[in-house]
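Q: Position chain B against the provided structure of chain A, taking the given hints into account.
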Amino acid sequence: MSSVKELENTVSQVRRDIVRMVHKVNSGHPGGSLGCTEFMVALYQNILHRKPGFDMDGVGEDIFFLSNGHISPVFYSVLSRSGYFPVDELNTFRLLNSRLQGHPTTHEGLPGIRIASGSLGQGLSVAIGAAQAKKLNKDVHLVYSLHGDGELQEGQNWEAIMYAAAKKVDNLIATVDFNGQQIDGATNDVLPMGNLRAKFEAFGWDVIDIEKGNDIASILEGMALAKSKTGKGKPVCVLLHTVMGNGVDFMMHTHAWHGKAPNDAQLESALAQNEETLGDY
Amino acid sequence: MKKYTDSGKKDTRSGFGAGLDVLGEKNPNVVALCADLIGSLKMDNFVKNHPERFFQIGIAEANMIGIAAGLTIGGKIPFTGTFANFSTGRVYDQIRQSVAYSGKNVKICASHAGLTLGEDGATHQILEDIGLMKMLPGMVVINPCDYNQTKAATIAIADYEGPVYLRFGRPAVANFTPEDQVFEIGKALQLQDGTDVTILATGHLVWESLLAAEQLHQKGISAEVINIHTIKPLDDEAILASVRKTGCVVTAEEHNIIGGLGESVARVLAINHPAPQEFIGTNDTFGESGTPAQLMEKYGLNAAAIVNAAEKVIKRK
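Respectively, the protein sequence lines represent chains A and B.
Each residue of the first sequence is one higher than the last, beginning at 199 in the working numbering.
Each residue of the second sequence is one higher than the last, beginning at -15 in the working numbering.
Extracted from the complex, chain A is given alone in its bound form (with noise of 0.2 Å):
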C-alpha cells in the first residue's frame, strides 16, 4: 500500500510519461489519459489484489480491463511503473515494431494486457465474461474495467449492462471516466446521455459517485465503498468525475486534446508544471 503521498509522487511522474510519449511521435492521445492518471496509478498502487508476474488468465487475483483502449499512453506509462515491462518501453510507443501499439493489444505479448481494446463499446462485455469465468472457477478476486463516457453512446454498452444486473454478474466494478467530453466537443453536445445514475441504476445496477476523480483520497475512499458493495448480487458502476487533462493547465476542460500531441514549448510547459519524481524514462 501506498500513502496518498507516494501516489501523487507517482501521478507526477505518469503525467510526464504521458505528455512524452504522445509528444515523441506527435499523435496519441493525452486528454483522456491525463484525466484518468489518479485513478489508474490508485487502481494499480493500491487497490487491485495482484500477483507478481503477468499470465493470461489471472486466476487468483484481480484483474482490469481497458475499453477506451485510446488512453494507451497512461494504460502503458502505469503498467511499466507496476512493474509490467521496463519503463524503457514507454520510448518506443506508437513505432514500427513496437509491443505498445497505438491502442493496447495482446497481439504483441505486453505484459499486463488482457484484450484488445479500441474499437469502443467492447470492453465491458469482455470484463463481463472475465467476471463469470472467475465465478466459476470460484475465485473470490474481483474484475474492474474503465470506460469513456463517451464510449457508452455504443449500443452493446447497453446489452452487457442489462446483461451484467440480470445474471448478478456482482464481482465486477465498471468505472465510467466521466469526463464530459468527447472527440467532436462536449458529450452534451454531441448526443447528450441524459442522467447516467438514474440509467445505471434503472438497469439494475448499484451506482457510486466519485465527485472529485482526480482526487488520490476521494478515489481509494470511493473505490472502497464500490468494493463493499461487491457480491451483494448487483453489479457496481463508478462514475468517476474527471477533469480531461487534469495536471497539465492548458490541456483542462476541453476536448481540444483528446486526440493531440503538444508541440516542443507545450511540452516544456507541461513538464515544468508536473516535478520529475520516479526519473523519466
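Quick caveat, the hints were computed from the structure, so don't treat them as lab data.
Be aware that a few hints might be false.
As the list claims (entries may be wrong) - Computed cross-link-like contacts, SDA-like style, restricted to lysine to any residue with a CA-CA straight-line distance of at most 20 Å:
| no. | chain 1 | residue 1 | chain 2 | residue 2 |
| --- | --- | --- | --- | --- |
| 1 | A | Lys336 | B | Pro35 |
| 2 | A | Lys336 | B | His34 |
| 3 | A | Lys365 | B | Gly42 |
| 4 | A | Lys336 | B | Asn11 |
| 5 | A | Lys366 | B | Gly42 |
| 6 | A | Lys365 | B | Arg37 |
| 7 | A | Lys365 | B | Asp20 |
A: For chain B alone, kept in the frame of chain A given last:
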C-alpha cells in the same frame, strides 16, 4: 467408384448439438453461450446436462462475442451459438478486435448458413460468412458436410487453441461419413479417386458432388471428389496434387463465389499450378424464400449444376 450410403437424413446442426454434449462430459472447461436460439442450435442437451456452464445471453450477439472472449480469460473454452448471419456479419468488429486480434480461444458456431435455411429468406440466408471469417488473420474456418462430420468437428475444435468459425446448416441432409471419424482440421478428404476433373466441395455441396461424380461416371468421365471441410487453413497440397493429375477443377459451395472457397482455391492454383476452374456458388446475389431444394435448384447449387460445370471445365483444358 467408392460407394457412399446415406444412413438417414439428419441436420448438421444436430451434429453440432451432439458434439457439444459430448464435450460437456469430456472437457470441464468447455462452456456454451447462446443468443436465444437453443432449440435451433440443438444445444438443449448441453443446457440440460451442464446448466452451470451454459450462458443464455438473450438477443444480443455483440455482447455474446465479448463475453465469450472474456470467458477465455480464466481458461474457459467458449462455444457461441446463433445463426450464421448473426454469428458473423452482425458482430464482425467484435470478432475482429475481441476474438481474432486478441487471439482468444473462442469457437463461433454458426447454424442456418446459406440458402438452405429456406423460407425465412435473404435476411437470414448469409452467403458471405466464409469470406468474412477467412479474411480475419488467425481464424480457422470449417464447414463440415454432414451430421457425423459436424459432430466430429465440434469435438475436435475444443482441442485446438485459437479462434474457430464452425459453419453448419438447418435442413436434414444425407449422413454418409463414418460415425467414428476423427476430424483433422485442415486435412482435406479424398472421397473419390478420379483422373479427368477435380471437384472440391464444402458443406452441403459435398454430397451433391458425390452424386455428380456418379452421373459423370455414367458419361465416362472420371471425377475426383475432395471434401474441403476446412476452408482455412486450406489443404494446398491435397488440392495441388489432385489438380496436377486431373488438370482442371470445379469448386462447389453454398456461398457467394466472391469470397468463398472457390477464390481461395483459385489463389492456390494461380500461384502454383494455373488450371481451368469453374465455380459453383451463388453469384453476387442475395437469396430469397423457398424450400431448400427449390433454392439450390434455382441458384445452381446441386449435382446437375456440378455435372454441367465439370463438362464445361474439361473442355477448357
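Q: Can you confirm whether the C-alpha distance between lysine 336 of chain A and asparagine 11 of chain B stays at or below 20 Å?
A: Cα-Cα ~17 Å, so holds.
Q: Does arginine 37 of chain B sit within 20 Å of lysine 365 of chain A, going by the straight-line distance between their CA atoms?
A: 13 Å, holds
Q: Can you confirm whether the C-alpha distance between lysine 336 of chain A and proline 35 of chain B stays at or below 20 Å?
A: Distance of about 16 Å is within 20 Å: holds.
Q: Take the C-alpha atoms of lysine 366 of chain A and glycine 42 of chain B, compute the straight-line distance between them, and say whether it is at most 20 Å.
A: Given pair lysine 366 of chain A, glycine 42 of chain B holds - Cα atoms ~15 Å apart, limit 20 Å.
Q: Hey, lysine 365 of chain A versus aspartate 20 of chain B, does the alpha-carbon distance stay inside 20 Å?
A: 15 Å, holds
Q: Verify the proposed pairing of lysine 365 of chain A with glycine 42 of chain B, using a straight-line Cα cut of 20 Å.
A: Given that 20 Å is the threshold and the Cα spacing comes to 11 Å, the pair holds.
Q: For the pair we were handed, lysine 336 of chain A and histidine 34 of chain B, check the Cα-Cα distance against 20 Å.
A: It holds: about 17 Å lies between the C-alpha atoms, which stays within 20 Å.
When held up to the earlier numbered hints, the structure conflicts with none and fits them all.
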